[in-house]
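In order, the protein sequence lines correspond to chains X and V. Okay, so the first sequence: first residue is 1 according to my numbering, each after it adds one. Okay, so the second sequence: first residue is 170 according to my numbering, each after it adds one.
None of these hints come from the bench; they were simulated from the model. Just so it is clear, CB atoms sit at the ideal spot from N, CA and C, and this is done for glycine as well. Be aware that a few hints might be false.
Derived DEER-like restraints, expressed as beta-carbon distance ranges [stated by the list, open to error]:
no. : chain 1 : residue 1 : chain 2 : residue 2 : range
1   : V       : 280       : X       : 3         : 50 to 56 angstroms
2   : V       : 314       : X       : 164       : 41 to 47 angstroms
3   : X       : 133       : V       : 488       : 18 to 24 angstroms
4   : V       : 273       : X       : 3         : 49 to 55 angstroms
5   : X       : 162       : V       : 395       : 42 to 48 angstroms
6   : X       : 163       : V       : 435       : 26 to 32 angstroms
7   : X       : 43        : V       : 273       : 23 to 29 angstroms
8   : X       : 163       : V       : 472       : 14 to 20 angstroms
9   : V       : 273       : X       : 133       : 49 to 55 angstroms
10  : X       : 16        : V       : 465       : 49 to 55 angstroms
11  : X       : 110       : V       : 419       : 50 to 56 angstroms
12  : X       : 16        : V       : 408       : 55 to 61 angstroms
13  : X       : 113       : V       : 277       : 43 to 49 angstroms
14  : X       : 64        : V       : 394       : 33 to 39 angstroms
Pulled a few chain V residues facing chain X out of the computed Cβ check, cut under 7 angstroms [as the list claims (entries may be wrong)]:
no. : residue
15  : 191
16  : 195
17  : 199
18  : 202
19  : 204
20  : 311
21  : 314
22  : 331
23  : 333
24  : 347
25  : 350
26  : 354
27  : 370
28  : 472
29  : 493
Residues per chain, in single letters:
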Amino acid sequence: MRDATVAELVTAVQGGSRPAFAGLYERFHRVVHAIVLARVHAGDAPDVVQDVFADVWSRLPDLREPAAFPGWIVTMARNRAIDHARRRRPVSDDTADLAVSPPPAAEAAAALRAIRTLPETYRETLIMRLVEGLSGPEIALRTGMTPESVRVHLHRGIKLLREKLGGSP
Amino acid sequence: MSDDYLWDKSGDDPEVERLEQLLGGYAHDAPMREPPPRRRRRATVLVVSATVLAAAAVLAILWWRGRAPAASPPRQLAAAGFPYELSADDGLCGGPGALVCEGGTLGVGEWLETAAGARADVKVADIGDLTLRPGSRLRLVATGPAEHRLELERGRLSARVTAPPRLFVIDTPVVSTVDLGCAYDMEVDAAGRTHVRVTSGSVSLEGNGHAAWVPWGHEATADRARGPSTPVRSDAPAAFRDAVARFDAGGGGGAWSVSPLATIVDEATPADAVTLWNLLSRTEGADRAAVFARLDEVAIRPEWVIEEDVLSLQPDALERWRESLEGTWFLDP
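For reference, chain X alone in the conformation it holds in the complex (with noise of 0.2 angstroms):
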């Protein structure tokens, strides 16, 4: 399972296998947090990124072509992101992000809340690069974008970043 390629994952999920489910999740499972982190309180991004799953499993059988995985997952997870933070509270309200265990500093927070007023493309490949450690190459792989506009927004947003926390973190 761990040789196999996504789209055979894919593939097998379809056919009701939990093992490549668990695959799948522990391949994208930091990006999808990635993207809902980028519009949800922290304390409520985990139970977000477990519904998007949930929805994977159930919609999964619906997907057409399997390498385009990627792509599906990052919509469904914008989408979902999006819906939950209609229904709540402004992400600005930081004091929610405490929720998190254990608490993050706050020069964490500040930084988390400066890649929040980013546009959004930067917003969340610098999430994926700076708070899920994955690396430029991961990106690309795992979200379907090029490894060139995975390069652009990296260096586009942490030069925005830079500018937001005053030319240091």
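Chain X is fixed; fit chain V onto it per the hints.
Frame of chain X, contents of chain V only:
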């Protein structure tokens, strides 16, 4: 310091490393929850079919024996469709002269109408829901894994959908509203004129050979003659909205300085990037170049989106700029 550290973690960049350390506490490490049992659609169909066959066999035997079943309400098998609940708009149901509130299932090809003062809450498969407002008429055209399609002939509704793009469509007499993952309000008048206001995500309005991309915070109107209008943000100043309306109505010609497009280009702010992006494909020649120049001023253009490609309306360039633009107006609703 090396740019490569940000890209592939090779080399070093103390500033980025410090950000990683700061933010790493937010990283996701929760284990997977076991998914619920998956619905077995094929099996369900077979069970229903078997039930139908069994019921038919019993009825046939009873008929053959000349013994009609005891009088009882006709038993209805659940039909494929969208469940709905009818209610009074003011919350009052029943009583002399009041509305009868009930529920049912809207089957494929069936119409659902709401009287004055009544509304219907409709569940859209497992992807969302909508509220049909008083005095409206709605039909379920199709429902399945590839598409859920409705037709709003007249009236108002509010829809909220969480699904992959283009899975949910509402047709009106003049336009198709293609869901790109969103929530929106729409109204269709007696002439079929359709107004859509997006409150989350975005939709694509498609009709009469034109398409308009309408993200949250924006609205557009479609009519039979012109298809979808150029979207404007809901809080745009009256002068700007008026200029867009005059442009859509064909108010061109004459000196540039007094044309509605000149007003749009001059008055557009970063918040109007969506309007400008939509105008790229609605203009030509020097007009398109003016729209491009203004959009390039008020919004970030990705490095890989080339001016020549935009001016020649290369679909890939337009789409990539549109994706990039998504971040410039996105604020959590």
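Tested hints:
Between residue 280 of chain V and residue 3 of chain X the C-beta distance comes to about 54 angstroms, which sits within the given range of 50 to 56 angstroms. At roughly 43 angstroms, the beta carbons of residue 314 of chain V and residue 164 of chain X sit within the given window of 41 to 47 angstroms. Checked against the hint of 18 to 24 angstroms, the pair residue 133 of chain X and residue 488 of chain V fails, with Cβ atoms roughly 30 angstroms apart. Take residue 273 of chain V and residue 3 of chain X: their Cβ atoms lie about 51 angstroms apart, and the range 49 to 55 angstroms holds.
Between residue 162 of chain X and residue 395 of chain V the beta carbons are some 46 angstroms apart, a value that agrees with the proposed interval 42 to 48 angstroms. The given range of 26 to 32 angstroms is respected by residue 163 of chain X and residue 435 of chain V, whose C-beta atoms sit roughly 28 angstroms from each other. As the Cβ distance of residue 43 of chain X to residue 273 of chain V is approximately 40 angstroms, the hint placing it in 23 to 29 angstroms is violated. Checked against the hint of 14 to 20 angstroms, the pair residue 163 of chain X and residue 472 of chain V passes, with Cβ atoms roughly 18 angstroms apart.
For the pair residue 273 of chain V and residue 133 of chain X, the supplied restraint of 49 to 55 angstroms holds, since their beta-carbon distance comes to about 52 angstroms. Between residue 16 of chain X and residue 465 of chain V, the C-beta spacing of about 50 angstroms keeps the proposed range 49 to 55 angstroms intact. The hint said 50 to 56 angstroms for the Cβ distance between residue 110 of chain X and residue 419 of chain V, and at roughly 51 angstroms that hint holds. Distance hint for residue 16 of chain X and residue 408 of chain V: a CB-CB separation of about 59 angstroms, consistent with the stated range 55 to 61 angstroms.
In this structure the hint that residue 113 of chain X and residue 277 of chain V lie 43 to 49 angstroms apart at CB holds, the actual value being about 48 angstroms. Restraint check, residue 64 of chain X to residue 394 of chain V: a C-beta distance of roughly 37 angstroms satisfies the suggested window 33 to 39 angstroms. Checking residue 191 of chain V against chain X by beta carbon gives a least distance of about 5 angstroms; that is within 7 angstroms, so the hint holds. Interface hint status for residue 195 of chain V: upheld, as the beta-carbon distance to the closest one in chain X is roughly 5 angstroms, under 7 angstroms.
Hint on residue 199 of chain V holds. Least Cβ distance to chain X is approximately 5 angstroms, under the 7 angstroms limit. Interface restraint check for residue 202 of chain V: the shortest CB-CB distance to chain X comes to about 5 angstroms, inside 7 angstroms, so the restraint holds. With a cut of 7 angstroms, the hint placing residue 204 of chain V at the interface with chain X holds, because the nearest CB-to-CB distance is about 4 angstroms. Evaluation of the residue 311 of chain V hint against chain X yields a violated restraint, the C-beta minimum of about 15 angstroms exceeding 7 angstroms.
Annotation: interface hint on residue 314 of chain V holds; nearest CB of chain X at approximately 4 angstroms, less than 7 angstroms. A distance limit of 7 angstroms between C-beta atoms decides the matter here; for residue 331 of chain V the minimum to chain X is near 5 angstroms, and the interface restraint holds. For residue 333 of chain V, the shortest C-beta to C-beta distance to chain X is roughly 5 angstroms, which falls under 7 angstroms, so the interface hint holds. Hint status for residue 347 of chain V: violated, given a least beta-carbon distance of 14 angstroms to chain X, over 7 angstroms.
Below 7 angstroms, beta-carbon pairs count as interface contacts, and residue 350 of chain V has one with chain X at about 4 angstroms; its hint therefore holds. Using the Cβ-Cβ criterion of 7 angstroms, the hint placing residue 354 of chain V at the interface with chain X is not satisfied: the shortest such distance is roughly 14 angstroms. The beta carbon of residue 370 of chain V is positioned within 7 angstroms of a beta carbon in chain X (closest approach about 6 angstroms), and the interface hint is therefore held. With its C-beta approaching chain X no nearer than about 6 angstroms, residue 472 of chain V sits inside the 7 angstroms limit, and its interface hint holds.
Taken as an interface hint, residue 493 of chain V checks out: its beta carbon lies about 6 angstroms from the nearest beta carbon of chain X, inside 7 angstroms.
Checked against the numbered hints given earlier, this structure breaks hints 3, 7, 20, 24, 26; the rest are met.
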